[in-house]
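Trainee: Use the sequences and the hints to build the structure in full.
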Amino acid sequence: MSDSGLLRNFSIIAHIDHGKTTLTDRILEFCGQVDLAHPHDRLLDSNPIERERGITIKLAPVRLPYTAPDGTTHTLNLIDTPGHVDFGYEVSRSLAACEGVLMVVDASQGIQAQTLSTYYKAKALGLTIVPVINKIDLPSAETDRVLLEVMELCEVDESEILLVSAKTGVGIQALLQAVVERIPAPNGDKQAPLRALLISSYFDQHQGAVALVRVVDGVLDKQRLTFLSSPVTFMPLELGVYQPKRSTVAQLGPGEVGYVVTGLKDVRSLKVGDTLTTVAQRTKAIALTGYQEPQPLVFFELFPTVAEDYNALLDALQKLALRDAAISFVSTHSPALGSGSRIGCLGLLHAEIVVERLQREFDLDLIATRPTVPYKAVLKDGSEKTISTINEFPDPSQLEKVSEPVTKLTLITPVTYMSGILDLVRERRGQFLQSEHLIDRVILSCSLPLSELITDFHDLVKSLSSGYCSVEYEVVGEVAVDAVVVTILLNGEEVSPLGFIAIRSQAEAKGRALVKQLKETLPRQLFAVAIQATIGGTVIARETQSALRKDVTAKLYGGDVTRRKKLLAKQAKGKKRMKQFGSVSLDQDVFLKLMRQPLV
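Counting in this note's numbering, the sequence shown runs from 1 upward without gaps.
Don't read these hints as lab results, they were simulated from the structure.
Be aware that a few hints might be false.
Mimicking PhoX-like on lysine-lysine, the simulated pairs with C-alpha atoms at most 20 Å apart in a straight line are [unchecked claim]: (1) K190 to K222; (2) K222 to K284; (3) K265 to K319; (4) K408 to K123; (5) K265 to K222; (6) K385 to K401; (7) K462 to K408; (8) K566 to K510; (9) K401 to K380; (10) K376 to K401; (11) K408 to K121; (12) K376 to K408; (13) K271 to K190.
Mentor: Shown next, in the form of structure tokens:
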């Protein structure tokens, strides 16, 4: 157990791709936690998808020994955090376990939207913020400009801002010394009842659920433990810390961050933000201020391309949910696609990664439907209902009002692109709130419905700004809307996976766009196919796909025209009968093509 006066708990926060993972690698090297004979980049990114995409998804804590110039050895607990907006819940867990943060800013790009978001989160928690400008070795670095931006945002002198290069290792020692000097040591009463904050968990195939905890008060050792919001009790199989490999310890004291092997078979017993204590001290321990469990903001349905793989999909989702607490799923069924699951995720990137992990780690071939957001319906009897599919939409006669989630959007862009971006926000039913100038750029605050954001909004913003605009958002509430269900009929038969919920003013345009896409995408049948979009039985858009015509007169040559007419009449009669009894077959390619195309 370390002396809490020589302990420092800190996180690195930054916009995506500003170099925090590389900076972590250099810190690990400097502290002697890397085998230099076998170097390995992205040490805390254990998932292959994290390595390939160059992003951090899951927080990873590591304990580092640091010897200061005066010879004192300090213990530093570094918790690496994700940078992408979808994984903001992981950032909040990391910050709750720290006393301070290193705020990393790219010397060429300057302050971006995610930098602002995490800065304000850290400030609200009362954490010490140490500003760091990274990538000063780049030819494109504009260090002086970025210094001014950081000084303005953090209200600090130039001397308090650290200049480093994670790539070359310049400034790493000064950075670690600043962590020791500026970030306060953790406070905690060793004699008090045990209280440890559960900051994350994962499932180990051999040892069961493993809890990552930050001890606040008391001493965590091998005695019967429990969580304050759960009746489950357990005897820990192992206690330890990451250095960065797992290393067992006898006990963890106030301020220390480590892991507890619980031996529990279900990771869902471990609620993130819960307080861990001993069974004997349960009545004396006061719950720590945790943080809310992540709420799914984007829903989509997954179907196996081979019906026999449904059980394998369910098994894979259960295993994935053990590792990622933010995933929710329920079974669903579609007449066109068979049995599948409806998945809830934190955002589009999170959804992409879930699908990719299912395909890679469990070798599944899947179809994903178009993503939707959760609407909230208030019925006339006063009850509330959350709607994530068209099948859950209540009868309009029972409906009082429908609300959709709305986001607060922060965009940082060069002034040149400001008007084009604001036009896009207004087109997407958004509202401009305020602007603030940051040296040669502008910070735009807007409100925007989440349903408009999860389609192609990010791509359009990047296109309009030539890639210079950064986007950050958070869901801040709900707003009442006039929502309707648009159903798609093929020859009078409803195909529910193609239906969607839309705002009434946009429903017709989206319906027309989809039936047009279907006309071009559907495989041709031997009979004409009527493709219709309807609202409550009223047709709002229609296209007719002509029949695939077989040349029944090919064998005729010369002679009377009557024979030709008879053959064509017989063919028309057959097609009429086929249209009465035949149904349109939808293959996987149709859905895959449609899901990649946004509705305008």
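Trainee: So which of the earlier hints does this model not fit?
Mentor: Result: hints 8, 13 break, sorted rising.
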